[in-house]
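Two chains, each in its own frame: build the complex with the hints.
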Amino acid sequence: MVLFMAERVLMKGNEALAEAAIRAGCRNFFGYPITPQTELAAYMAKRMPKIGGTYLQAESELAAINMVLGAASAGVRAMTSSSSPGVSLKTEGISYMAGSDLPALIINVQRGGPGLGGIQPSQSDYWQATRAPGHGDLHILVFAPSSVQEMVDLVSKAYDLADNYRMPAMILADGMLGQMMEPVVLSEESDKPLPKKEWAACGHNNERKHNIINSLYLTATELERLVKERFERYAIIEEKEPMFENYCTEDAEYIVVAYGATSRIAKAAVKEARKDGIKVGLIRPITLWPFPKKAMAAAAENAKAFLCVEMSMGQMIDDVKLAINCKCPVNFFGHTGGVIPTPVEVLEEIKKMAKA
Amino acid sequence: MKDMNAILAGFGGQGILFMGKVIAYAGLFDNREVSWLPSYGPEMRGGTANCSVCISDEPICSPLVNNPNALIVMNLPSFDKFIDKVVPGGIVIIDSTLIDKKVERDDITAYYVPATALAEENGLKGLANIILMGKMMAVTNFCTKETMQKTLEKIIPPKKQHLIPKNMNAVEIGINA
Numbered sequence: 001m002v003l004f005m006a007e008r009v010l011m012k013g014n015e016a017l018a019e020a021a022i023r024a025g026c027r028n029f030f031g032y033p034i035t036p037q038t039e040l041a042a043y044m045a046k047r048m049p050k051i052g053g054t055y056l057q058a059e060s061e062l063a064a065i066n067m068v069l070g071a072a073s074a075g076v077r078a079m080t081s082s083s084s085p086g087v088s089l090k091t092e093g094i095s096y097m098a099g100s101d102l103p104a105l106i107i108n109v110q111r112g113g114p115g116l117g118g119i120q121p122s123q124s125d126y127w128q129a130t131r132a133p134g135h136g137d138l139h140i141l142v143f144a145p146s147s148v149q150e151m152v153d154l155v156s157k158a159y160d161l162a163d164n165y166r167m168p169a170m171i172l173a174d175g176m177l178g179q180m181m182e183p184v185v186l187s188e189e190s191d192k193p194l195p196k197k198e199w200a201a202c203g204h205n206n207e208r209k210h211n212i213i214n215s216l217y218l219t220a221t222e223l224e225r226l227v228k229e230r231f232e233r234y235a236i237i238e239e240k241e242p243m244f245e246n247y248c249t250e251d252a253e254y255i256v257v258a259y260g261a262t263s264r265i266a267k268a269a270v271k272e273a274r275k276d277g278i279k280v281g282l283i284r285p286i287t288l289w290p291f292p293k294k295a296m297a298a299a300a301e302n303a304k305a306f307l308c309v310e311m312s313m314g315q316m317i318d319d320v321k322l323a324i325n326c327k328c329p330v331n332f333f334g335h336t337g338g339v340i341p342t343p344v345e346v347l348e349e350i351k352k353m354a355k356a
Numbered sequence: 357m358k359d360m361n362a363i364l365a366g367f368g369g370q371g372i373l374f375m376g377k378v379i380a381y382a383g384l385f386d387n388r389e390v391s392w393l394p395s396y397g398p399e400m401r402g403g404t405a406n407c408s409v410c411i412s413d414e415p416i417c418s419p420l421v422n423n424p425n426a427l428i429v430m431n432l433p434s435f436d437k438f439i440d441k442v443v444p445g446g447i448v449i450i451d452s453t454l455i456d457k458k459v460e461r462d463d464i465t466a467y468y469v470p471a472t473a474l475a476e477e478n479g480l481k482g483l484a485n486i487i488l489m490g491k492m493m494a495v496t497n498f499c500t501k502e503t504m505q506k507t508l509e510k511i512i513p514p515k516k517q518h519l520i521p522k523n524m525n526a527v528e529i530g531i532n533a
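Going down the list, the protein sequences come from chains A and B.
Taking this note's numbering, the leading residue of the first sequence gets 1, the next gets one more, and so forth.
Taking this note's numbering, the leading residue of the second sequence gets 357, the next gets one more, and so forth.
Incorrect hints may have been included.
[To be verified] Lysine-lysine pairs mimicking DSBU-like chemistry, simulated, CA-CA at most 35 Å apart:
| id | chain 1 | residue 1 | chain 2 | residue 2 |
| --- | --- | --- | --- | --- |
| 1 | A | K294 | A | K271 |
| 2 | B | K510 | B | K522 |
| 3 | A | K46 | B | K377 |
| 4 | A | K50 | B | K506 |
[Unchecked claim] Covered stretches of chain B (in silico footprint by chain A; criterion: 3 or more residues with CB under 8 Å from a CB of chain A, positions within the stretch not fixed):
| id | region |
| --- | --- |
| 5 | 372–382 |
| 6 | 413–422 |
[Stated by the list, open to error] Have a look at the derived ranges for each label pair, beta carbon to beta carbon:
| id | chain 1 | residue 1 | chain 2 | residue 2 | range |
| --- | --- | --- | --- | --- | --- |
| 7 | B | K441 | A | Q57 | 36 to 42 Å |
| 8 | A | D276 | B | V443 | 15 to 21 Å |
| 9 | A | Q57 | B | V443 | 42 to 48 Å |
| 10 | B | S412 | A | C326 | 38 to 44 Å |
| 11 | A | V339 | B | G479 | 40 to 46 Å |
| 12 | B | D359 | A | K327 | 35 to 41 Å |
| 13 | A | L218 | B | P513 | 58 to 64 Å |
| 14 | A | V339 | B | P433 | 19 to 25 Å |
If you're looking for bench data, these hints aren't it; they were derived computationally from the structure.
Where is the CB? At the ideal position from N, CA and C, for every residue including glycine.
Bound-form chain B, shown alone (with noise of 0.2 Å):
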């Protein structure tokens, strides 16, 4: 995907904001125009939080994507938000242990990944984020694996170094799901 207009949405808590930033912070490891803005109105204090992602080899000119091409859901709401709203040959990536539904276009292409229960399987509670975004990478190829290594040693803090690994496998799990 040369670029990619992204959204990612779920419940607040669910890691959505984080994972906008490292895939915001890879692309700009590599060297490319990216753009990063949450949602912050009424709707995230209503628990759901959404932002969008834009990385691109030019300049970005709205940041904030309408019609995203690729989408990462994980929640029931949010799917129901946005699911329309992809562009026809975009791809979607669900969180198949919260969202039971199946997306009805044939326009667009659909990964369901279990993530959340992924994550619990494997030792990764909290990371079904960081799984989904594996899956992205895979999909869209928005970056390397080695430019994952480096982005997370880069944007965790130097307190939390010793999870770099444990997110390192979950981009794995999400990669091969």
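This is chain A alone, in the form it adopts within the complex (with noise of 0.2 Å):
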């Protein structure tokens, strides 16, 4: 191991998230442009060549996931990214992903929809992102960064967990962190090999049995094996994968729900809220899904409201609902694509609920 002093620099969340995928392992990017994620591919088109990287902009979106496919089954770290739309596109990949119990790394820097919607930054991929990122039984692990740094620990995290449960991981940010420039340090990549995929198929040199990657099955009992042995592997990430943060949930009345960007906005409120004497704290899902359920449920044993707040129609409140078994009531704020909700507003929300 080499000894590295790590220097704070200044990036941009779309270049970081790229750099921090190269120093995860990742070699094969391959990619379509639309704001506001371009940075990212951008990046690696500068970067991959230079280290014998391969980086490829696809004809559209559904070709760049199927070439993530293709690069997975072969074992490797491969990654794609996009915003809203274009992940509407890949979809099918992502099922295709799933079904074939592949490894790989998708980012969503999400904007306005539905449709093409906006290009300012927004949550309202959500529903997408935990619950149909593609079509059949599946789940895709979900990160919500909320910084610049944390874009860069998370993907790391979310190379090793996917590998690890041989499942697609999506990094859900949105545009404003994405073109957002703040502080990081940056961990020198690993000299150690990333742990060996038996079940990849890279050639096999007559010295072992063919590995097949496949998602069709079409006898409906070995279908059903299939699934069901998936999930199980799905419960058991459940039991530990959660990640969240508590802010100032010890003692509190009421709890606000936020992830991602929108967080930073509640908890500057919850911040000032403390000042005024109200006993209010912040619980920050960083996994979406797994989502941290029994965080929840625990806040909502002396809690007497929830406030989820967000930058969608509030796509998140079914999920609080469930985790706290509507023990006690779930109110939302939020706005849609590119109107990002103040400190202030998100203030009086938790005053009309404390007085409530």
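See below:
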């Protein structure tokens, strides 16, 4: 191991995601440009050729995700990135990868929707990421960073878990995180080789039986067996892997739930409300799937009400209600794509909730 | 100014985003928390550019500045758009070569710097942005001259290092403007 004093540098979220992926061992990037994630692909285009990696701008999102599927089948760490409308196009490939038990990293730097929507920051793909990232019975790991540093940290985490559980992982960011610059410390790429993937279809040299990567199972019972097996894995993940941050929740009577860029704004509001003597705390889910259910349920023990703050029409509310078994009311405050909630607005909502 | 929440605004090509980066880097080199967020929306495509820059000793909550305590404007549309958003007690620095209007509020402090003309007169064409930033340094103390020198050395690419004295000259003119 080389000892390395990591330097604090300023980076755009999109570029930091790309550099973090490279340092996590990704050498295969396939993408198609779309605002507000294009800097990520541009960064890969510059860096990959210099380090012997592959950057390929595909003819479409569909082509890009299928190239990721191919690369992942060969056992390498592959990646694609896009923004909301582009991710919709990738969902077919994501489903195929889930059905083939393939690990890969998909980045969604969300913009407003539906349709072409807008190009401003949004969180309106929560349902897509957590409910139906593709057709069929499936989940993918979904990580929601709230700073450029966390974008970096979660990339390697996402790759490790994706490899470990053999499934696609997604970083669900948004236009604000993608476009902003913040100080970040990057760790050096590990010189330890990544764990070997015995299942990969990368040539067997007549030394072992060939591996097959496939998502088509025409025998119904065989398909069911595989899906059930996959869901046993999902159950382990739901038990072991939820990530979250608690802020001022110990004595909280009111709980704000927010993730990603919005959680920073919510935190500012919680801080202000505390100054006014309101016993309010924040739970920030870091994984959206698996959702931090236990953290929510624990906070609900003493809470009078919850408040979800999102840049959507309230897509996370259901998950919160399920997690706390509707033990107390779950309120909502949010804006849609591009209209970013302000700390003042959220503070008003907290005050309203505390008065009710 | 302990925490600076700044908006910098003008036309594309005036170096608005670069000026924001310089300020953010200066905060970084002083080991403070910083954020820089450009506008990338439709207004950007219409030719105007603005960015939010925050410098603080605490983690920055929202990188998007709605109500700045420091504002630099380099064109009239930006003046009109942001002047009422400045928090009471805040400051605004105006390129008075490009903007005739005067600030009508009396709860903020306005500094009129003919930056574009000063740049022209001093052979510093294109550095009006840095002159205005120099004024901001003088007014808000967001960083020292030493930090600024170090910042420029770090962020100006090797091939353009000869431009550092010119930039520092522009900073100096801004400080004294």
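Structure-based check of each hint:
no.	hint	verdict
1	K294/A x K271/A	holds, 24 Å
2	K510/B x K522/B	holds, 15 Å
3	K46/A x K377/B	holds, 21 Å
4	K50/A x K506/B	holds, 29 Å
5	372–382	holds (count 3)
6	413–422	holds (count 6)
7	K441/B x Q57/A: 36 to 42 Å	holds, 40 Å
8	D276/A x V443/B: 15 to 21 Å	holds, 19 Å
9	Q57/A x V443/B: 42 to 48 Å	holds, 44 Å
10	S412/B x C326/A: 38 to 44 Å	holds, 39 Å
11	V339/A x G479/B: 40 to 46 Å	holds, 45 Å
12	D359/B x K327/A: 35 to 41 Å	holds, 38 Å
13	L218/A x P513/B: 58 to 64 Å	holds, 59 Å
14	V339/A x P433/B: 19 to 25 Å	holds, 21 Å
The structure agrees with every numbered hint stated previously.
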